[in-house]
Structures are given as C-alpha cells and as structure tokens.
Amino acid sequence: MARLVPSKMAAGKKNMYGEMANDTPKDKIKQQIEENLKRVYDDALNEPVPDRFLSLLEQLRKQDSKNGGGTTS
Amino acid sequence: MTKDATPSSHDPRDTLPDHLPALRAFAISLTRNPSTADDLVQDTIVKAWTRFDSYTQGTNLQAWLFTILRNTYFSSLRKHRREVADPDGIHAGGLFVKPDHDGKLAFNDFQHAFDQLSPEHREVLILVGASGYSVEEAADMIGVAAGTVKSRTSRARKRLAELMGLAEDEDALPAGDTASLAMMGQSGVQAA
Chain A
0 MARLVPSKMA AGKKNMYGEM ANDTPKDKIK QQIEENLKRV YDDALNEPVP DRFLSLLEQL
60 RKQDSKNGGG TTS
Chain B
0 MTKDATPSSH DPRDTLPDHL PALRAFAISL TRNPSTADDL VQDTIVKAWT RFDSYTQGTN
60 LQAWLFTILR NTYFSSLRKH RREVADPDGI HAGGLFVKPD HDGKLAFNDF QHAFDQLSPE
120 HREVLILVGA SGYSVEEAAD MIGVAAGTVK SRTSRARKRL AELMGLAEDE DALPAGDTAS
180 LAMMGQSGVQ AA
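In order, the protein sequences belong to chains A and B.
Numbered as in numbering that gives the first Met the number 0, the first sequence ends at 72 without a single skipped number.
Numbered as in numbering that gives the first Met the number 0, the second sequence ends at 191 without a single skipped number.
Hints may contain errors.
Stretch by stretch, here's where chain A covers chain B in the computed footprint (C-beta under 8 Å, at least three residues) [what the hints assert, rightly or not]:
(1) 20 to 30
(2) 106 to 115
(3) 135 to 141
(4) 148 to 162
Output of the computed footprint for chain B on chain A, the stretches with three or more beta carbons under 8 Å from beta carbons of chain B [stated by the list, open to error]:
(5) 25 to 34
(6) 38 to 44
(7) 48 to 60
Read the hints as simulated data drawn from the structure, not as lab findings.
Please read these numbers as outputs of a predicted model, since none were measured by experiment.
The beta-carbon is built from N, C-alpha and C at its ideal position, and this holds for glycine as well.
Take the sequences, apply the hints, and build the full model.
Written out as structure tokens, the structure is:
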C-alpha cells in the first residue's frame, strides 16, 4: 500500500519541490500543487504592466529632480 | 555643467520598470484581487522610491521590493482584520474539489482552492514554490526564521490539498482502514 512506502524514498532529493517525479500519491499531489502554483504566478507575470506604473515612476523622477535634484542639468 | 560622478544609468531606480511584472505577479498571487493588487503595487513603488536610501546597492532589488510589498499588504490587513470578526472563517468550509479521474487537477479548481488559503499561506507558497526564492530568502523577506517558513509551507500545502479534497498526508488515513477494507473485500468476494 502506498502508505507503507518508506518516506525515505521521498527524502534525499536535492529539490524539495520534487521536480523529479516520485510515484507515491503524496509526491504526485505535491508536484501538481507546485505546477499549479507556478502557473498562478507565471500567468500574472505575463500580463502586460498597466501604463499607470510607468507614468508613476516618471512622475516620481520628475519630482525628485525638482526637489533637491541639485545642480544637475 | 556639473556631472555626477556616478552616471544616472547606474541608479538602481532606473531598473524599477524591470521589476514591475514580478511585483504585480506577487501582488496578484497574494491578494487574489487585481485592483487591490495594483493599488498595492502603486503603494510599493512610492514607498520604495521615497526610502531608496535604505536599499543596499548590490543586494537583490526584487527581494527588497517584495519585502516592502508584503509588509504594506500585511500591515493594511492587520488594520482591516481588527474590524472583521472572523477573517479566516469567511471562506472556511469551502467546496471540496475532486480531481478528474486521471488525477490531474483542473487549473480553475486549483485557483479556487488557492483563493481560500490565508494570505500568509499564499505568501510562502508563492515565494518559495513559484517565484523561486530559497527558504532562507523568504524567511528574510517575511521576517521569520527559516524553520517557520518550512513548517508554514508544509501546512499551507496540506491545507491546499485538503481544500481540493486530496489527502496529501497519507498518514491521515485511519490506521485500520486498509486492513478492514481488505477484509471486507475478501468477505465480499466470498459472499458474491
């Protein structure tokens, strides 16, 4: 039975997030969780960044050069 | 014309746009709400800009930004939680989603379960699992010990499995179950 598989089989792997597939159900679930987590993050990562953030950065930069931007320019 | 000794191209603030996608991804993963996430990113940018002198050049800028973002989020959450009676109970006892017969989780089902996790659990899973930080780096960002990150991560994974109706922890099965099922199976065969 799966629950009798020694847990040592899962240990000793260099990657704690089990990219190397193990056959125990526990490892499979873990692996699927990791894959799905990666997808949650990567989907958000691949979304286009709204313009408001770039204009915010520009605004901050301008503000900075106004206040105490010093002698530059 | 006075030129600075360090050209402006060496100003790490110039690289902030490069970190926007990751900041948003972290914010979206953490809040599970696009508009809250974008407000959070905006606050993070302003805070980062105004305290840039506390950033140590040469260290991981993204980790520094992530730290500001999560601190901002959790401190606003703490304020909010004082007003909300049962913040973690809202989604408690949500739907259990069973995997398809091939054992693969549908991504929508996974997202549904992920939404129901506490933000603290989402945080460790995303930092360590998805965005590729080490346990030690995540511990620094969260401000806890590495051991705490490890135990929180495993609790979070377990909770996620529970929410999806999967028993990640095999030991959670009652000890007698396998044997009694086998016996029932045998007697069943004989009776049939």
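Hint by hint, here is what the structure shows:
1. Counting residues of the stretch 20 to 30 of chain B whose CB lies closer than 8 Å to any CB of chain A gives 7, which reaches the minimum of 3, so the coverage claim holds.
2. Check result for the stretch 106 to 115 of chain B against chain A: holds, 4 residues qualifying (beta carbon to beta carbon below 8 Å, three or more required).
3. With 0 residues bearing a CB less than 8 Å from a CB of chain A, the stretch 135 to 141 of chain B misses the requirement of three and the coverage assertion fails.
4. Counting residues of the stretch 148 to 162 of chain B whose CB lies closer than 8 Å to any CB of chain A gives 3, so the stated coverage by that chain holds, three being the minimum.
5. Only when three residues or more bring their CB closer than 8 Å to a CB of chain B does the claim for the stretch 25 to 34 of chain A stand; here the count is 7, and the claim holds.
6. With 6 residues having a Cβ less than 8 Å from any Cβ of chain B, the stretch 38 to 44 of chain A passes the three-residue criterion, so the hint holds.
7. Coverage of the stretch 48 to 60 of chain A by chain B holds. Counting CB-CB distances below 8 Å, 9 residues qualify, and the rule asks for three or more.
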